[in-house]
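Build out the structure end to end from the sequences listed, making use of the hints.
Chains Z and H are the protein sequences, given in the same order.
Quick note: the first sequence uses my numbering, first residue 66, plus one each step.
Quick note: the second sequence uses my numbering, first residue 82, plus one each step.
Hints may be right or wrong, so weigh each one.
[To be verified] Examples of chain H residues lying across from chain Z (beta carbon under 10 angstroms, computed):
(1) D175
(2) M182
(3) D186
(4) G199
(5) A209
(6) R211
(7) A212
(8) R228
(9) R230
(10) R238
(11) C243
(12) C248
[To be verified] Cβ-Cβ distance ranges computed for the label pairs, FRET-style:
(13) S139(H) to G330(Z): 34 to 44 angstroms
(14) S260(H) to D349(Z): 29 to 39 angstroms
(15) T356(Z) to R222(H): 28 to 38 angstroms
(16) P493(Z) to R222(H): 51 to 61 angstroms
Think of the hints as simulated: they come from the structure by calculation, not from any bench.
We put the beta carbon where it would ideally sit given N, CA and C, even for glycine.
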Amino acid sequence: MMKRLLTLLAALLVFAVPASKAVAQSGPLRIEITEGVIEPLPFANPAFVAENAAATELARNLSRVVSEDLIGTGLFREIPSSAFISQITSFNSPVQFSDWRAINAQALISGAVSVGSDGSVFVKFRLYDVFAGQELGDGLQFNGTQAGWRRMAHKVADAVYSRITGEGGYFDSRVVYVAESGPKDDRRKRLAIMDYDGANVQFLTDSNAIVLAPRFSPTGDRILYTSYESGFPRIYVMDVASVGRRALPTLEGDMSFAPRFAPDGNTVVYSLTTGGNTDIYRMDINSGNATRLTSTPSIETAPSFSPDGSRIVFESDRSGTQQLYIMSAQGGEPQRISFGQGRYGTPVWSPRGDLIAFTKQSKGRFHIGVMRTDGAEERLLTASFLDEGPTWAPNGRVIMFTRESQGETGTASLYSVDISGRNLKRIPTEGGASDPAWSPLQR
Amino acid sequence: MTHNMNGASSMNFTARSFLLVSVLALAACTNPDRFDSANGAGGAGGVGGTGGIGAPGSASDPRSPAYFQQTIGDRVLFVVDQSSITPQYQSVLDGQAQWLMTNTDYVAIIEGHADEQGTREYNLALGARRANAVQEYLISRGVAPSRLRVISYGKERPIELCSDEACYSQNRRAVTIISAGLSS
Numbered sequence: 066m067m068k069r070l071l072t073l074l075a076a077l078l079v080f081a082v083p084a085s086k087a088v089a090q091s092g093p094l095r096i097e098i099t100e101g102v103i104e105p106l107p108f109a110n111p112a113f114v115a116e117n118a119a120a121t122e123l124a125r126n127l128s129r130v131v132s133e134d135l136i137g138t139g140l141f142r143e144i145p146s147s148a149f150i151s152q153i154t155s156f157n158s159p160v161q162f163s164d165w166r167a168i169n170a171q172a173l174i175s176g177a178v179s180v181g182s183d184g185s186v187f188v189k190f191r192l193y194d195v196f197a198g199q200e201l202g203d204g205l206q207f208n209g210t211q212a213g214w215r216r217m218a219h220k221v222a223d224a225v226y227s228r229i230t231g232e233g234g235y236f237d238s239r240v241v242y243v244a245e246s247g248p249k250d251d252r253r254k255r256l257a258i259m260d261y262d263g264a265n266v267q268f269l270t271d272s273n274a275i276v277l278a279p280r281f282s283p284t285g286d287r288i289l290y291t292s293y294e295s296g297f298p299r300i301y302v303m304d305v306a307s308v309g310r311r312a313l314p315t316l317e318g319d320m321s322f323a324p325r326f327a328p329d330g331n332t333v334v335y336s337l338t339t340g341g342n343t344d345i346y347r348m349d350i351n352s353g354n355a356t357r358l359t360s361t362p363s364i365e366t367a368p369s370f371s372p373d374g375s376r377i378v379f380e381s382d383r384s385g386t387q388q389l390y391i392m393s394a395q396g397g398e399p400q401r402i403s404f405g406q407g408r409y410g411t412p413v414w415s416p417r418g419d420l421i422a423f424t425k426q427s428k429g430r431f432h433i434g435v436m437r438t439d440g441a442e443e444r445l446l447t448a449s450f451l452d453e454g455p456t457w458a459p460n461g462r463v464i465m466f467t468r469e470s471q472g473e474t475g476t477a478s479l480y481s482v483d484i485s486g487r488n489l490k491r492i493p494t495e496g497g498a499s500d501p502a503w504s505p506l507q508r
Numbered sequence: 082m083t084h085n086m087n088g089a090s091s092m093n094f095t096a097r098s099f100l101l102v103s104v105l106a107l108a109a110c111t112n113p114d115r116f117d118s119a120n121g122a123g124g125a126g127g128v129g130g131t132g133g134i135g136a137p138g139s140a141s142d143p144r145s146p147a148y149f150q151q152t153i154g155d156r157v158l159f160v161v162d163q164s165s166i167t168p169q170y171q172s173v174l175d176g177q178a179q180w181l182m183t184n185t186d187y188v189a190i191i192e193g194h195a196d197e198q199g200t201r202e203y204n205l206a207l208g209a210r211r212a213n214a215v216q217e218y219l220i221s222r223g224v225a226p227s228r229l230r231v232i233s234y235g236k237e238r239p240i241e242l243c244s245d246e247a248c249y250s251q252n253r254r255a256v257t258i259i260s261a262g263l264s265s
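Here it is, written out as structure tokens:
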């Protein structure tokens, strides 16, 4: 029973919206995911067992975050503990599957937490397929520090998600973004980093200079971003742990922005504006040697590498409006891939290589969408006054982006949506937030 | 800010008709010594010398940055997605060029801006195009390239806040900010 459901779930995750729906979406737009909602999979997650007194509160918090992660995907529904017939009081006692079947829990998570004498935390868990009456995968154990308890919860949830959907997890990841405050004509911007769910916010810069569009390195240890701290927009690279930063070399009078790492972590692709003309360049970050990749009088910007590093998708207005193009990582003649009505910008290659996410402007509205790398099967996932700047979850199944409200009091917030257009939701941040970039899964 | 902007934009129309007159007036009373007293005087909004028309440093003093900003007009507005300078603003820029060539102690940074209808990266590039169009125009009118620098803010610094064309049209701008030159 569960297997069937799981297969179904996985299938829906992979491709939920038939082509006909994508056509319907380009009509009068109202895509806020009310159609085709799949029935979320019901699971039971009894509070983790605290194996010693020091672990009592941690156990409660850990199970709560595991549940929040799963529910937050829109693919799972938690059965309230008030419905439980049996309780789990010991990690190793046998599970009464009939009691869980009776309340229609299809998945059951059982966990335990203990705190060692040195203060380190041990978390173990098992996942059960209730209707099959057996474990799904082996039990797992993590250990870490008390300060890092949220990461352990995310790791448990990633394992559960991954086993049930067949997809990689994404909960144990971080997001770097621009924290915003102040009025619209004097917006203060600071780089900030947080867990994917908005917890553990840390600021990486002060608000003295405008900062834009941070991007993680492939290992998540460095961040590229654009800052006006010199008075002019320039690209900086920051070490996340030390917050130390340096500017990439540019010539006086040039502006550089829209940087992104290549998968090798040593090459940066970016836009450079000289004499009013913006083209795409690549630079070896260690030597500072730059190579020009495009050479046209039009605007070429927002480059993003394919995961294998062989190609670059970018936007150009050489045709008269912004459209998406793909070229070799060494430059050369690009191939246009977007042909729909409207303007396309900020393309980002999925970490799985299969899709390209983009911002689309059409009839005065903004959309986040995805298409195949040949431009086929375009699907718009969102619609609003201003949505822009998609970034991929490490598993390539969820997209985070900036949504800005209109008018004098307009503010920016972070939202996420899955690639079928379901589960649109706001990521909680204190104050305004824009330009998110999702890290790879943490190690 | 808002008030200032409305003032400046309506002034551009009136400024047009008076522009030739004021440029001629400037040329007529140019006295090489007269501008020496402005040497090293403060930057934008700064302090003018003595002996000008009206209160020194005020908008009626033709040597003052305030005059540049308010009487000549410090900005050019653009059509959606465009960076070409319309005839209306060519005369504003002619006035800017004339002023800069007369007041050689000043340098200028040209800021390019876009309205909020567009992605961040594209708007940065578009703002750069606009600032560059102004820079090239001023150079074509004789201003030394070494006195001009451009910067784009994209959509990061709107001056009008509503989400309508009334505001967008004011935000699609290139503003020439003058300051005391490095040479002084």
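Structure-based check of each hint:
1. D175: Violated - the Cβ of D175(H) stays beyond 10 angstroms from chain Z, reaching only about 20 angstroms at its closest.
2. M182: M182(H) check fails; min Cβ-Cβ to chain Z is 21 angstroms, beyond 10 angstroms.
3. D186: violated (21 angstroms)
4. G199: holds (7 angstroms)
5. A209: holds (4 angstroms)
6. R211: holds (8 angstroms)
7. A212: holds (7 angstroms)
8. R228: Check failed: Cβ of R228(H) comes no nearer than 13 angstroms to chain Z, outside 10 angstroms.
9. R230: holds (6 angstroms)
10. R238: holds (7 angstroms)
11. C243: holds (6 angstroms)
12. C248: Status holds, d = 9 angstroms.
13. S139(H) to G330(Z): 34 to 44 angstroms: With a Cβ separation near 57 angstroms, S139(H) and G330(Z) fall outside 34 to 44 angstroms, so the hint is violated.
14. S260(H) to D349(Z): 29 to 39 angstroms: holds (37 angstroms)
15. T356(Z) to R222(H): 28 to 38 angstroms: holds (36 angstroms)
16. P493(Z) to R222(H): 51 to 61 angstroms: holds (53 angstroms)
Taken one by one, the earlier hints fail for this structure at numbers 1, 2, 3, 8 and 13, listed in ascending order.
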